[in-house]
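A.B. asks: Now for the letters of each chain:
There are 2 protein chains.
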Amino acid sequence: MTKEKAVRLLDAATGRKPCDLVIRNTKIVNVYTQEIQQGDLFIDNGLVVGIGGGRKAEKEFDAHGAYLVPGFIDGHCHIESSHLTPTAFSDLVVPYGTTSVIADPHEICNVCGNAAMEYMLKSGRNATLSIFYMYPSCVPATPFEHAGCILDAKEIEKFIGDDSVLGLGEMMNYPGVVNADSMVMDKLETAYKRKKNIDGHAPGVTASDLDGYIGVGISTDHECADADELRERTRRGMYVMLRQGTACKNVLDLVKGVDDGNYKRVLFCTDDRQPETIVKHGHLNHGVNLAIGAGLDPVRAITMASLNAAECYGLADRGAIAPGKRADFFLTGGLTHIKAEKVFIGGRLVAEGGNILSPSVPVAAEGVEGRMCVKDFSKERLKLRLKSDHVRIIDIIPGQVVTKAGEAHVKRDAEGAWVHDKDQDILKLAVVERHNGLGNVAVALIRGYGMEHGAVATSIAHDSHNIIVIGDNDDDMAAAVENLIGLGGGITMVMDGKVLDNHRLEVAGLMTGDGAMEVCRTLERMHETAYEKLKVSNNVDPFMTLCFMALPVIPEYKLTDIGLFDVTKFDFVDINLD
Amino acid sequence: MTKEKAVRLLDAATGRKPCDLVIRNTKIVNVYTQEIQQGDLFIDNGLVVGIGGGRKAEKEFDAHGAYLVPGFIDGHCHIESSHLTPTAFSDLVVPYGTTSVIADPHEICNVCGNAAMEYMLKSGRNATLSIFYMYPSCVPATPFEHAGCILDAKEIEKFIGDDSVLGLGEMMNYPGVVNADSMVMDKLETAYKRKKNIDGHAPGVTASDLDGYIGVGISTDHECADADELRERTRRGMYVMLRQGTACKNVLDLVKGVDDGNYKRVLFCTDDRQPETIVKHGHLNHGVNLAIGAGLDPVRAITMASLNAAECYGLADRGAIAPGKRADFFLTGGLTHIKAEKVFIGGRLVAEGGNILSPSVPVAAEGVEGRMCVKDFSKERLKLRLKSDHVRIIDIIPGQVVTKAGEAHVKRDAEGAWVHDKDQDILKLAVVERHNGLGNVAVALIRGYGMEHGAVATSIAHDSHNIIVIGDNDDDMAAAVENLIGLGGGITMVMDGKVLDNHRLEVAGLMTGDGAMEVCRTLERMHETAYEKLKVSNNVDPFMTLCFMALPVIPEYKLTDIGLFDVTKFDFVDINLD
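Chains A and B, in that order, give the protein sequences. Residue 462 in my numbering is what sits at position 462 of the first sequence, and the numbering runs on without skipping anything. Residue 449 in my numbering is what sits at position 449 of the second sequence, and the numbering runs on without skipping anything.
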């Protein structure tokens with residue numbers, strides 16, 4: 001609030017001046033009292049003024065008895081997972097009733113560091129959606145890979161004071177917290193000093209460790225797996241998020257644990273949600289509707305998706321339809337299945353019938369373009385010489401990002417180098433460092449992808465986002481890498497030296513300013529090509545699976561730009577078994 | 001939280017080092033989930049570590065199955081009403097389970113301005129109790145009287161950034177807010193700029209005015225009178241306080257409006273609670289027990305008295321018994337009637353069986369001593385010359401601070417000056433400016449006090465706290481004023497030139513460093529004298545009634561140092577009717 005705004009609000013509230021807008025004949029969901037209030041809602045200068053009161057308004061809008069619901073607040077998301085820049089993301093999700101998000105730009109910051117923070121903040125300011133950020137706490141995710149930068153406490157300091165930065169992002173390094181690792185504690189301290197939030201990420205953390213993790217001020221968890229974990233966390237005062245992402249879907253498991261006593265500590269989030277999932281199922285509303293379908297009271301579900309998130313993150317200006325709050329809300333015909341028919345942000349109608357009315361103006365991708373700084377790469381770097389035919393191998397588990405530590409006997413050429421065996425579903429996987437021209441190329445073998453011939457390469461490779469490429473032959477793999485470098489990042493498919501299709505992600509190799517519809521069309525077409533031409537296994541997502549094969553915090557075997565990594569042992573292993 | 005504390009907490013939580021203390025065999029009230037958890041609570045370095053977990057502790061304490069309740073937080077109080085300095089107040093209220101208070105030092109700031117803020121903050125830091133302050137928003141309360149100072153936005157700026165100052169105190173000037181008075185808006189702005197709270201005071205404010213009042217960020221109200229007003233406020237997101245003071249008692253009326261939907265927006269407060277009331281009925285626990293007695297679920301009542309208050313004021317470090325929170329709690333044998341048997345603050349046993357274990361160390365009353373700067377006062381100044389015998393008169397309504405605008409025909413001497421008529425219960429009332437030596441003395445007449453002979457004077461006279469004196473003759477009145485000046489403030493009674501008794505309030509004429517028991521003994525003795533020797537009417541409190549006769553915001557007639565004031569007309573009136 002400012003003095004100027006306050007004076008104007010008082011003039012509007014008391015009827016000294018007419019309000020900008022009245023929404024007549026509506027049923028307002030009151031998240032403070034869990035009631036439905038019928039009436040006319042007056043709005044002025046982007047803020048809610050009040051209900052009724054015999055005021056006048058410049059503009060009238062008839063809701064024809066529809067419900068008015070506070071705009072949804074996504075408690076935790078990675079915008080990068082949508083493949084869209086913040087402004088394009090905004091245009092995609094606002095029509096579903098999401099009016100604010102708390103985003104952790106962990107992916108782009110792994111690539112571009114604080115230049116990424118600058119860009120995300122700038123782009124966020126241009127978005128219709130209110131975008132708040134949590135500064136990524138774990139860049140790089142591990143010391144066993146090369147990201148674009150190292151974001152230590154000193155780097156965090158530069159941004160954590162920003163008004164749009166609500167605190168420190170998900171503290172994935174929970175062993176580091178529990179063991180009071182000094183570098184981790186330095187990062188926490190940056191938040192302590194400014195009384196900012198710290199987000200958690202605590203899969204399976206329990207009992208005494210959980211006491212410590214929460215005790216040091218980590219106040220949310222979106223990695224909660226079941227009702228018992230939810231109860232264990234809310235009892236300790238932690239906010240638990242019901243997550244409905246593309247790969248991780250916890251709403252139906254977790255909602256079983258929500259009750260009269262603890263619901264004020266529960267909110268919703270999307271975490272990682274692919275553009276196709278959003279276009280098909282919606283955004284935060286998807287999780288909310290699933291919870292309502294499972295028996296959660298709709299007004300309670302709405303409260304969790306709005307007020308609770310606002311309270312969790314100290315956003316005093318939103319989260320409810322009440323005097324002085326931002327006029328962020330949407331109309332829905334019913335509450336048993338919430339569908340944002342008309343979305344208002346700051347009192348302005350911004351989306352209708354699922355469409356944004358005027359797209360956000362993109363900002364220049366300064367400091368985050370391309371970022372394909374690859375050195376000393378050539379086809380020869382992909383050659384995999386083996387000591388024997390008995391090797392360690394990454395075994396894909398269909399539909400999961402977890403892999404199995406496998407073994408295999410493979411085919412070799414005269415020089416002892418691996419060659420593709422048509423009778424085995426084993427392919428070559430390589431990670432090519434792309435951030436600082438270190439010249440690192442690591443090669444391993446992977447089973448279960450199904451591809452018969454060709455190569456797929458992408459610059460989305462959690463969390464360091466080096467280039468990851470899979471293929472049956474070095475020529476196509478090298479061509480895919482070279483093509484991807486030329487594109488400035490994205491996803492590409494090559495067969496017999498020919499590029500089959502591209503998805504260009506010109507912003508840090510992770511995001512595009514193209515609209516969601518175009519992205520979805522491209523991805524749909526590319527999926528078809530991957531399955532039909534490359535013959536990728538039908539129970540594997542050709543791109544998402546690939547994206548997670550370089551993530552050395554998810555068991556068991558993963559490949560970083562340094563080499564084959566055994567997550568269970570938390571160390572590198574030799575590919576050769578004999 | 002700090003890095004150092006966090007590391008120590010992690011060592012304690014994980015069992016790497018033993019905890020300071022364990023409270024065994026207790027039933028912990030969980031205000032996050034509304035459950036009771038049985039177990040052993042571990043505490044280290046003043047913070048809660050967790051329940052159970054097989055940890056070790058240096059000290060053991062057996063609760064023998066008693067309930068462990070989070071320390072109560074008084075949402076709004078004026079410490080001055082206890083007649084005690086903050087350290088003495090702390091010693092009095094902590095044994096009742098109050099571990100934090102949000103205090104508005106409105107009274108002492110009316111006398112000493114920012115010197116009072118300095119003193120209160122300093123004294124608060126020495127107290128066992130956690131004392132937070134709201135900077136008084138309305139000093140002076142009106143322009144129709146002379147307080148010790150004028151605290152405008154510029155003065156507020158000097159303190160509102162302080163960590164112990166949570167925001168702006170009760171905005172009593174609600175017409176000023178609703179009318180967007182520029183000086184008032186400047187004051188609100190000081191809080192906006194630092195995202196601090198603003199407390200309300202909105203008796204009878206409703207509908208559109210209430211929208212405006214809340215819309216500009218005023219987030220609490222402790223003047224709510226009934227369940228309907230409570231609902232009207234909570235619906236708008238305002239926090240409503242269930243107040244149980246000495247004169248104003250709203251708990252039983254308001255608790256009727258508390259329900260499943262709105263209880264998270266309700267807390268408890270004491271506002272103005274006299275020392276005798278505290279000694280007789282307790283502190284915040286009194287209101288909580290009344291609410292439980294009226295049917296409120298005990299765990300919910302406890303949640304309102306702890307977590308809700310902490311959330312309302314953004315006190316993230318307290319309000320619940322959970323990892324990382326301050327170890328502020330107390331043991332009670334039962335929950336149907338809560339009685340703090342042992343009180344812990346910062347993990348230290350500080351009170352037992354209703355007694356503080358080690359008193360807080362008082363601080364020197366620098367800049368707030370005495371403050372009896374009276375100029376040109378003499379008996380002659382009390383003479384009341386009237387144009388006729390027909391006059392305006394203040395009519396006391398027994399048991400209320402509201403008065404009636406009365407008329408009377410009175411007795412005059414040869415010079416036309418008022419003289420006491422034994423057949424009429426009419427006395428002389430005078431207000432003597434005491435802050436800046438302005439030399440103001442205003443005189444009026446008052447009916448219903450009952451006193452037959454003598455004078456009572458006090459330096460507690462809301463809100464400006466000039467000297468107020470009542471009597472049947474100028475000699476005793478003048479002697480009482482002179483004696484009070486000599487005392488440095490307090491309450492005094494004089495008859496036939498002789499001082500009958502004194503209650504010395506050496507700090508700003510409002511508070512004493514003496515213990516509560518001594519204050520209560522003095523006040524009890526003085527009440528007896530007032531009723532038995534001075535013959536004050538039994539249905540009037542001789543001192544409290546007098547204290548409110550100079551408060552020009554409570555209808556109908558009041559007397560300030562400038563003259564007789566008609567609150568309904570909001571202007572001065574002539575005492576003469578003919």
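These are computed hints drawn from the structure, not numbers from a lab. Treat the hints with caution; some may be incorrect.
Derived Cβ-Cβ restraints for the label pairs, each shown as a range [unchecked claim]: (1) A:Glu157 / B:Lys122: 27 to 35 angstroms; (2) A:Lys249 / B:Gly204: 46 to 54 angstroms; (3) A:Gly334 / B:Val7: 46 to 54 angstroms; (4) A:Ala225 / B:Gly334: 45 to 53 angstroms; (5) B:Gly52 / A:Ile397: 51 to 59 angstroms.
In silico negatives: residues of chain A with every beta carbon more than 10 angstroms from chain B [as the list claims (entries may be wrong)]: (6) Gln37; (7) His146; (8) Ser208; (9) Ala225; (10) Val279; (11) Ala294; (12) Glu341; (13) Gly450; (14) Lys533; (15) Asn538.
Ideal placement from N, C-alpha and C gives every residue a C-beta, glycine not left out.
A.B. asks: It remains to establish, for every hint, whether it holds in the given structure.
C.D. replies: Hints and how they fare:
1. A:Glu157 / B:Lys122: 27 to 35 angstroms: Given a distance of about 32 angstroms, which is inside 27 to 35 angstroms, the answer is holds.
2. A:Lys249 / B:Gly204: 46 to 54 angstroms: 51 angstroms, holds
3. A:Gly334 / B:Val7: 46 to 54 angstroms: With Cβ atoms ~52 angstroms apart, the hint holds.
4. A:Ala225 / B:Gly334: 45 to 53 angstroms: Since the Cβ atoms of Ala225 (chain A) and Gly334 (chain B) sit about 38 angstroms apart, the hinted range of 45 to 53 angstroms is violated.
5. B:Gly52 / A:Ile397: 51 to 59 angstroms: Hint violated: Cβ distance 36 angstroms, outside 51 to 59 angstroms.
6. Gln37: The claim breaks: Gln37 (chain A) does not keep its Cβ more than 10 angstroms from every Cβ of chain B (closest is about 7 angstroms).
7. His146: Given a closest Cβ separation of 28 angstroms, the condition holds.
8. Ser208: 4 angstroms, violated
9. Ala225: Holds: least Cβ distance 19 angstroms, greater than 10 angstroms.
10. Val279: At roughly 35 angstroms from the nearest Cβ of chain B, Val279 (chain A) sits farther out than 10 angstroms, so the non-interface label holds.
11. Ala294: Its Cβ never comes within 10 angstroms of chain B, the nearest being 20 angstroms, so this holds.
12. Glu341: 25 angstroms, holds
13. Gly450: Gly450 (chain A) clear of chain B: closest Cβ-Cβ about 45 angstroms, beyond 10 angstroms.
14. Lys533: 53 angstroms, holds
15. Asn538: 44 angstroms, holds
In the structure shown, a violation is registered for the earlier hints numbered 4, 5, 6, 8, in ascending order.
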